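Participant: Listed here are the chains, written in short residue letters.
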Amino acid sequence: MTRDPRYDVLFESVQIGPHKTKNRFYQVPHCNGMGSAYPSSMAEMRGIKAEGGWSVVCTEEVEIHHTSEHSPLIEGRLWDDRDIPVFARMAEKIHAHGALAGLQPAYSSFTSANLYSREIPMATVHRPVEQTYPIQARAMDKDDIRNLRRWHVDAAVRAQKAGFDIVYDYCGHDMSIQMHFLSRRHNRRSDEYGGSLENRVRLFREILYDIKDAVGDRCAVAVRFAVDELLGEEGLTCDGEARDVVEMLADLPDLWDVNVSEWSNDSSTSRFSEQNAQSDYTAFVKKVTQKPVVGVGRLTSPDTMVSLIKKGHLDLIGAARPSIADPFLPRKIEEGRLEDIRECIGCNICVTADFLCTPLRCTQNPTMGEEWRRGWHPEKIAAKKSDASLLVVGAGPAGLECARALGQRGYAVTLAEQDNALGGRVTKESRLPGLSEWSRVRDYRQLQLDKMVNVEVYRNSGLSADQVQDFGARHVVLATGSRWRGDGVGRAVLEPVPGHDLPHVLTPDAFLSVEANESDLHLSGPVVIYDDDHYYMGGILAEILRGKGYQVTLVTPAADVSNFTHNTMEQARIQTRLLEKEVSIKPHRMLESIKVGTVELACIYTERVEELACGTLILVTARLPNDDLYYDLLSDQDVWSDAGIESVTRIGDCLAPGTIAAAVYGGHRYARELDEPIPKGVPFRRELPQLAIA
Amino acid sequence: MSRDPRYDILFEPVSIGPVVAKNRFYQVPHCTGSGWARPRTLASMRETKAAGGWAVVNTEYCSVHPSCDDSPYPTASLWDDGDIRSHALMTEKVHAHGALAGVELCIGGARMANLGTREIALGVSSIPNLAGNPMQSRAMDKSDISEVRRWHRNAALRAKKADFDLVYIYATHGYLLSQFMSPVHNSRTDEYGGSLENRIRLVREIIEDTKEAIGESMAVAVRFSSETNSGSEGEDGHPMPGETEDIFGMIGELPDLWDVTVNDYSLEMGLSRFVPEGALEPYVAGIKSMTSKPVVTVGRFTSPDTMASQIKRGIVDFIGAARPSIADPYLPTKIEEGRLEDIRECIGCNICYMGDGKGVPIGCTQNPTMSEEWRRGWHPEIIPAKGSESRVLVVGAGPAGLEASHALGKRGYEVMLAEASRELGGRVTREARLPGLSAWIRVRDYRLQQLEKLLNVEVYRESELTAEDVLAVGADHVVIATGATWRADGFGPSNPGGVEGIPSVETILTPDDIMADRLPSGPTVIFDDDHYYMGTVLAELLSAQGVPVTLVTPADAISEWGEFTTDRWRAQTKLMEMGVDLVVAHNLTAFDGGKVTLSCQYTGREKSIEAEFLLPVTARVPNGQLYRDVQDLMAKGEVDGPKSLKRIGDCDAPSIIAASTFAGHRYARELDAALDRDNPLKHDRVFFQEG
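From first to last, the protein sequence lines stand for chains Z and F.
Sequential numbering from 24 applies to the first sequence in the numbering used here.
Sequential numbering from 11 applies to the second sequence in the numbering used here.
Possibly wrong hints are sitting among the right ones.
What the hints assert, rightly or not - Calculated cross-link-like contacts (lysine-lysine; reagent style DSS-like; alpha-carbon spacing at most 27 Å):
no.	chain 1	residue 1	chain 2	residue 2
1	Z	K609	F	K584
2	F	K617	Z	K604
3	F	K396	F	K420
Unchecked claim - Label-pair ranges, simulated between beta-carbon atoms:
no.	chain 1	residue 1	chain 2	residue 2	range
4	F	S153	Z	E699	17 to 25 Å
5	F	Q635	Z	P41	44 to 52 Å
6	F	D200	Z	Q469	35 to 43 Å
7	Z	S409	F	S156	22 to 30 Å
8	F	L167	Z	S616	46 to 54 Å
9	F	N689	Z	F34	39 to 47 Å
10	F	R638	Z	D274	39 to 47 Å
11	F	K322	Z	R708	49 to 57 Å
12	Z	Q154	F	S299	45 to 53 Å
Simulated from the structure, these hints should not be mistaken for laboratory data.
Predicted model only: the values in this text are computed from it and were never measured.
No residue lacks a Cβ here, since even glycine has one placed at the ideal position from N, Cα and C.
Extracted from the complex, chain Z is given alone in its bound form (with noise of 0.2 Å):
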């Protein structure tokens, strides 16, 4: 296959300062949850993006001084020579596939509390730091100014002695001492950085020149810039102060990176953005410089990127999530593939790993991360290593997964689907509002599946024990999913809620299953909404019952709505939704019995008990394994062999219910893992501390 010549376009150089690359697309910088503390994890991991076609590789946020470290979260670290080679691996990972790298310093001021450094974060004013720490910055003298200048400089020889072809000025995201300079929220200073935008603007510029002149000879120095704050009057706007920045630094920058801010905007959920959602703020850049310019927008069209670089917004296409659920993307639409592209859901399940701290991981692409670690690359699989015939049972996410995987290692399978629908639980969720992405977990893998003649897939299949042994293949593998329990039992009650077992007490599952009319339910207000579970589910079911009209109130023992969400930067926008549509909250109460129009609450601090009347509950608490299919087969074990069976397994949530990227996970380490050697105590390779250097 050959690339549509409509594509032709995104394959064109763009110079940047002295470096050209090969096709316009840039992978901007994007944390990982590697940085410092997994670094061969985190060069591995850049090298699959390069060998996937970016034409420029970037660094996460990379920390330049003891004095402004994110501890306990992990990004990059180059506070001195010593970190050198950790990142001249990743720029040769890179260029090994004739990509450009990128090295983006950061300088976080009250955004960081230097827990790990202990030492006194300085601000452009003296103000307590973010994240509620009982600490406050110091406000920069001069000295400060000069020092931070000079640890820039230091950053970028250093990136350059590493390799790097392209050093950042970094103005983006509130989280950077540029950007806290240049706001009016934030600096209230009175001297020459202080006042007007021609002062506020001066450290963002000087720290332009100096990274030029120390490495502008061999390095593209580029800019990233928020362009609009989202906060109207309040914050930076495109056509207000951000865009007087651009035209003031216009060209003195080789590239333009442009987004929104903050974080939870640029990198906004499917949920509540679509794709391209940015282009309205950043389209004006091009027309006030000559120099390149990238945004990003989770773009996954190829026909939309290529109508950004016609229209005149963009010169490159920039991506982090994009880039994440599929490395290989520029290829595949190089290669006329589209229909391989694993499409990103914006479910920013990859930004919970770097907030917990922990390497990457993404929904649909589950080698991410587990590159170097695991030996996973996302396009390439061993191949089979026996004539083993599988029987997948159940295609929700893991199971769809395995048979892919499987089937890309030449496996003979067979997967048996229960309902009509493939997908199961992805194909029930994205009939939610919001998440209709979320449906291309399934459609990646169906289109697979499709291309696979040694897949056979067999619908409105449900399958008993018998059946099972009848069939007669070797490794029998279970992803029969998971229900949601009606009993109340979660994390802040551990026996069944009394009452639990009359008609009005539902779960989710009676809103997603495919037959589901709202007229069987019988649904009468006031609805309860008991959500111990604490992602996003409770939250929905709220936003759809108050849609239709009923009276809701959400209950939950934690303090807000969606807890888990503020690690997927969705919790504010979800409360925010559900208080402006009169959804009623109740925070910090436990459910402690159930009646016939009552529900009632306790205060999980003084266990004072209240009545709520209740004319429906739901119960959003935890989700029980379908493993019934498991068990029958294992009572039946004698008769395994002779029917030719070899082993049982069970995946995804029938194992232990758990995230889509946790199911789709496991349907792929099942298939990469038959016939290999099982690893003797830890299954991946680690990456420990140093013992002997000083």
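Starting from the known structure of chain Z, fit chain F onto it as the hints suggest.
Facilitator: Quick look at chain F alone, frame taken from chain Z:
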């Protein structure tokens, strides 16, 4: 000096199975915020404990397998032989001082989400992750149980290779083994569920496995909660022992030592604000009658009299400590040498626990050298002699100024400490008068006692200095530690430009006013954008005096950051029980002397509360005027200034008290020291092979 014979009993050796502890001081396993990622930071920290006289020094919880991965919280690990060298570093250093080294093996269960390793957590049943992650454990089957036993055994064998003397079986705190024992969590119907005999089967098997594997040369300890009712907790001091006696009847003689605690972390490692010294006694008192094996427990013990009494009365055999050994790694040595006044007593603030919760090496309010032993080369008791004959003027005797003077004094410098007021201690003296914070005065008291012994340090009270005065002293170095002042304008993280709708009126009070006894006389709104203890402590104080109080915070929970010190839970409970109104997720927009206007953090909707007084607890302004005045005077060049002028503590950047003592100590350490300002600390790096 030699020790008081009353304390002889604390220095008796005690056998633990095949090994002997040289005395009764026992550092129980405690988190460090370092774990497997920072072995050198950790080994040197543990070494100072051994050097300071603790007979037993343990690791933190140590994961036995990748399916027990508690990331992002830093655990130790013994997953494979690659982990041995890190532990060997620690055991070598601990043994060098004649102490025993122990390792607390841990199987996670549903408490660990395996975010790093992506393994599925094994649980007694399939329940949601107890740390709030959207994933569930899976119910262990028979082969999982034998796997878990094998992992634990392998880890014990590795512990032996790492030269440990003692191995723990961790059967409490909600980790897997305690879930098996629990009648609430364990709903199994096989031989591991149902009867008590069945529920303790796995613990028994693992004790037996461990004894069989390493028991000949190493001791086997069990960490255990004396409240096995699991699930419901009684009031403080009223144990709910559940099946404890029956359990001891079955396995009481199996291990070599019982490390006994309770389910409720906020009691076990209670803040001094809520929990007194020795609070576990009612929970532990009966244990020794149930077993012949030595028993250890904790209780923030810092008084040698209390310790001796615990032993004499037969409550315990060992004085367990986590926090007191952090505040003073040399506590045993100081008792032994009869230097009681040199003990840096733990103040029970739990700043150490914050380090673990945030995944950074633990710090300590009292001991600024904690976790700095290796990376900065700081020893808690030894400090290099002065590097010059310089005279140093310290202005301000709060925690930063006191610690700077104390450490400079120990280095041998001639120090003048000038304090504006009559009282020394600054903020700790003022704050120690607030409800529950009396133990904080120990920050002052330890340093004052030390200063009294230092002839080269002169303390001047009631000596407020002007810039001219400062220069007239003619010191070679001047360090300003003049503290900070609470703001009245609402400026804080949620209002970085201040609050426009706040006039400057007398009915706006700050925490400084309250601490100076300027109290409100009517309904008061406390606006807490500080999120630590001050807001809730003041609410408690005013409410107890009969002032109607509403506590408003822009966060979703009150004392939000107090989650990391365990302030939050007990503070909120207490305020609710006192009848304080709590309003969360609301920002302050205006106050007109009669009502406070608030706006919802999510929707921006406004509401108002009747109030005559507003008490913003938001941020502080450094008291930096003197520093700037001296700077200006020096800039004029008319008088000879000092060689250096520095600010430390809150007058540099307002922060926690631990940051002030750290800054004061650091100033003293770094005076006349050759140091790369851009690279002052060593840090553990990941092994990274070139190419």
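Participant: For this structure, which hints from the list above don't hold up?
Facilitator: Per hint list: zero violations.
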